[in-house]
Structure formats: C-alpha cells, structure tokens
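Throw the hints in and build the complete structure from the sequences for me.
If you count the sequence shown from 1, you need to add 17 to reach this note's numbering.
Don't take each hint at face value.
Straight-line C-alpha distance at most 30 Å; calculated BS3-like pairs for lysine-lysine [what the hints assert, rightly or not]:
| no. | residue 1 | residue 2 |
| --- | --- | --- |
| 1 | LYS405 | LYS336 |
| 2 | LYS405 | LYS266 |
| 3 | LYS405 | LYS280 |
| 4 | LYS336 | LYS185 |
| 5 | LYS266 | LYS280 |
| 6 | LYS336 | LYS266 |
Per label pair, the in silico range of CB-to-CB distance [claimed, not checked]:
| no. | residue 1 | residue 2 | range |
| --- | --- | --- | --- |
| 7 | ARG252 | LEU412 | 19 to 25 Å |
| 8 | GLY204 | ALA334 | 48 to 54 Å |
| 9 | ARG59 | PRO20 | 46 to 52 Å |
| 10 | GLN198 | PRO251 | 19 to 25 Å |
| 11 | GLU188 | GLU340 | 35 to 41 Å |
| 12 | PRO107 | ARG193 | 38 to 44 Å |
| 13 | ASP86 | ASP124 | 26 to 32 Å |
| 14 | PRO153 | ALA334 | 33 to 39 Å |
| 15 | SER173 | ALA372 | 20 to 26 Å |
FYI, nobody ran anything at the bench for these hints, they're computed from the structure. Backbone N, C-alpha and C fix where the C-beta goes; we use that ideal spot for every residue, glycine too.
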Amino acid sequence: MSPLARRCRELRSFDVFDDASLELLLERARWFSLTGGLELFRQGDSPDSVYYVLAGRLIIVRHDTFGDDVVGYVRAGEPVGEMSLLAGEPRSASAYALRDTELLAVDRADAEWLLDNCADFAHALANAIVARARHPTLSFVRARPSVFALIGASPSIEIEARAKEIAKVMERYGRRVALIQSPDTLGDGEFEQIESAHDMALLPARVGDSPEFRFALRHADRFIVFARQDARPPRPFPLALHEDSPARKFRLVDIVMLHEGMKSGSVADWVDAVDAHRVFAVSGARTMERVARALAGASVGVVMSGGGARAYAHIGAIKALRERQVPIDFLGGASMGAVIAACVAMGWDDEEIEARVRDAFVSSNPLGDHVLPVVALTRGQRVEERLKRHFGDTLIEDPKRPSSAPRPR
Numbered sequence: 018m019s020p021l022a023r024r025c026r027e028l029r030s031f032d033v034f035d036d037a038s039l040e041l042l043l044e045r046a047r048w049f050s051l052t053g054g055l056e057l058f059r060q061g062d063s064p065d066s067v068y069y070v071l072a073g074r075l076i077i078v079r080h081d082t083f084g085d086d087v088v089g090y091v092r093a094g095e096p097v098g099e100m101s102l103l104a105g106e107p108r109s110a111s112a113y114a115l116r117d118t119e120l121l122a123v124d125r126a127d128a129e130w131l132l133d134n135c136a137d138f139a140h141a142l143a144n145a146i147v148a149r150a151r152h153p154t155l156s157f158v159r160a161r162p163s164v165f166a167l168i169g170a171s172p173s174i175e176i177e178a179r180a181k182e183i184a185k186v187m188e189r190y191g192r193r194v195a196l197i198q199s200p201d202t203l204g205d206g207e208f209e210q211i212e213s214a215h216d217m218a219l220l221p222a223r224v225g226d227s228p229e230f231r232f233a234l235r236h237a238d239r240f241i242v243f244a245r246q247d248a249r250p251p252r253p254f255p256l257a258l259h260e261d262s263p264a265r266k267f268r269l270v271d272i273v274m275l276h277e278g279m280k281s282g283s284v285a286d287w288v289d290a291v292d293a294h295r296v297f298a299v300s301g302a303r304t305m306e307r308v309a310r311a312l313a314g315a316s317v318g319v320v321m322s323g324g325g326a327r328a329y330a331h332i333g334a335i336k337a338l339r340e341r342q343v344p345i346d347f348l349g350g351a352s353m354g355a356v357i358a359a360c361v362a363m364g365w366d367d368e369e370i371e372a373r374v375r376d377a378f379v380s381s382n383p384l385g386d387h388v389l390p391v392v393a394l395t396r397g398q399r400v401e402e403r404l405k406r407h408f409g410d411t412l413i414e415d416p417k418r419p420s421s422a423p424r425p426r
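Spelled out as structure tokens, the structure:
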C-alpha cells in the first residue's frame, strides 16, 4: 500500500472504499498542499474539480450584498465542491484554508470516469451530500477549534510559562493537551499524528520571525493574543503569513490583557487591531484558569433577567455560587440584571454589590422622572446619573470578567 493510501486509511471517510477502489481514486487524483489563509476556489467559479481534505481545515463562506456568511467547515477526510460539480453549476460559495491543508483533487473528467467505473466513489459522494443535507449545522460542532496559538505580543511576556499553566488546567477538565514548543523539530506528518492523538494542541510563540511564530500562523484554529496595557498594538497586527490573505478576517482571535506597567492605550485599540472576539483581563492568580476553561469548552456563564424586584434575588444567587466556589467566566443580563452582572464583572464582593445597589436603586427612586409616554415612561436621567456614579467611565471591555458583548463597536 502506498504512503498516500495509508494516509487515506487513517480517515474514517475513506472506509467506504475497498483497496481496489481506493487505488483507482488515487490514480486519478492530484495530491497538493494549500497554505493557510489562501483560497481554494471562489464563489461563482466553474466547478472544475472535487476535493478531499487529508489534513487541515477549510472554511466555506457565501458572499452577498449584506456581507460574508460562514456556512460550514470541512475537516480531514471530507469532500468539498462535489455538489456544484455533480450539478454542473457555478460554485455557490468560496472555500479558504484556515490553516495549512493537504488535499486530493479529482478533476472533472476523472470524477466523471470514477462515477461510471467506481461505485465506491459515487457512494462516498452520496454519503457526504446526504449527511450535509440532514445535518446542515453539524460541521460547526465538529469543527470546534482544537489547535490554539498563544501569541505573546511583547518579548517580556513569558508565553511558555503561561501555556504550561493553561495546559495543566485544561488537563484537570479531562482534556488531552499537547504543548508544542519546538515545532521545527517535528518530522513529516508528526504534527497531524500529535493532533489526532490529543483533544487540543497549544502553540506558544512570540510575535517575530521565528519558527514557532510561523508555525503557529500556519496551523492554528484560534489565536489568543497576550498583550500588555503599557504597549500599543502594531498595525497591521501580523496574524497571517500574507497580509492580503483572504481568510484572515475569518480567523478567531481573543485578547488577554495583562495589566502590567503604566497604561498607554485602550483595550479597544487592541481589540480593533487584532479584530478580537473576546477579551480576558488578567486580574488575579485565577485568570489563566478562566482562559483555560474557555479553550477547553468548560466555561461557566451567568445571564440575569430584568426586573427591579429580582435584583436582590440575583445578588443572592451570585452569593450562593461564590459560596460553592462555582467559577463565573462570562456574564450577561437585561435591564436590572445587566446592572448586577456589571457589578460582578467589576470584581466587587457581595457586601459591596449590595451596598451599591441599595444606594443607587433602593434608597431613592431612580425611575421618578416621568414623562409623557412617547418612547418611555421615564427620561432615564436619574438611572444614568447613578450608573455614572458607580461605574464611572468603565467601558464594556474593561471589567475583570467578560460580559456577553465584550467587543466594542
């Protein structure tokens, strides 16, 4: 059996092929690699080939007048481009490599020959089409990030030590974690073997021209950028091997803000520079645990409903969670629930939360500035004054715990 055939046999999607069918497929296919960030095909292109992903990951994006819509992901072992080829219609979406991806390409003439002469090939394509039709969102579940790049934005950030700390916490949650610190020593196919043997892989690196950073840019599913508050982000922030990479804007990025040194810029500046989706503020010894739970998919979120009378019930619920040492990683809320969530996000203890809520909303009536109900029953100026008094100029990306909408606009 050829090395390429052995690679295919490691992927469950090729189980439908017997040995003779697999050899027929490989005789008609081209094996090539697509660098992370580059385009495989564009929406509207003529369907000249069908592809099988052998390693890596693709993202499928549909473009329209309202923007870009991610419609799915393609993992190792799965075909892509088969529907437009079979229908003889232009590509209905674009495909980009989220990271370095190995593919088998079967050109149109060869695919038509295989459909006529290899029942297993037709069977495999039919299986893929039926599976996607019956479970259209399954690719989002299966394509959860598993390779995380931990990027130190400054030379002084001890990114390797933080990666080890995060790996230990993730292992406590039952995740098998590979910490890859010297990727230049890996042999051919060794990274893929490590990835398949673990639930997750961590790639610590610092921004710069190093093997670790280049490897992380090419292989990570999600980026966690560790930044200091006394530094300003470079623009453009180098999170792609090529700045004109079409897949760059689809990459998932988080910011971990280290409150070290004198503050020289805003968190919003970093969020904008790296196009971050979440912000973690390092505010104590257990912050890395919060980051680790987020990476492990074990975060705890608390969302509080509105209603003034419920405010004290929310305070009691938070107190009960704290007494039982239940971690609270993300917070959200509506109306009065949002106020209590903000109190928790600020890091205030139970007594301070109760005192501030009593001062702002119980000792006096903040909703007494009534107006004719054109838009609302009250002007809201008293509420604004009390929120200003207790929260000051704090922005939604600044508190110690992320809220349900941490990304400033």
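Cross-check of the supplied hints:
1. The hinted pair formed by LYS405 and LYS336 meets the criterion: a straight-line CA distance of about 25 Å does not exceed 30 Å.
2. Restraint check: the Cα-Cα separation between LYS405 and LYS266 comes to about 35 Å, which exceeds 30 Å; the hinted pair is violated.
3. Annotation: proposed proximity of LYS405 to LYS280 holds, straight-line Cα distance about 22 Å (limit 30 Å).
4. With a C-alpha separation of about 28 Å, the suggested pair LYS336 and LYS185 falls inside the 30 Å cut-off, and the hint holds.
5. Note on LYS266 and LYS280: the hinted pairing holds, with a Cα-Cα distance of about 28 Å set against a maximum of 30 Å.
6. Proximity of LYS336 to LYS266 is assessed by CA-CA distance (about 40 Å); at most 30 Å being required, the pair is judged violated.
7. Range check, ARG252 to LEU412: about 20 Å between beta-carbon atoms, so the 19 to 25 Å window is met.
8. Range check, GLY204 to ALA334: about 53 Å between beta-carbon atoms, so the 48 to 54 Å window is met.
9. In this structure the supplied range 46 to 52 Å is violated for ARG59 paired with PRO20, their Cβ-Cβ distance being about 32 Å.
10. Against the hinted window of 19 to 25 Å, the Cβ-Cβ separation of GLN198 and PRO251 comes to about 24 Å, which satisfies the hint.
11. The given range of 35 to 41 Å is broken by GLU188 and GLU340, whose C-beta atoms sit roughly 27 Å from each other.
12. Hint check: PRO107 to ARG193, Cβ distance near 42 Å, so the stated range 38 to 44 Å holds.
13. Here the CB-CB span from ASP86 to ASP124 is close to 29 Å, well matched to the stated 26 to 32 Å.
14. Our hint of 33 to 39 Å for PRO153 and ALA334 holds, since their Cβ atoms are close to 37 Å apart.
15. A hinted range of 20 to 26 Å is violated for the C-beta pair SER173 and ALA372, which are about 39 Å apart.
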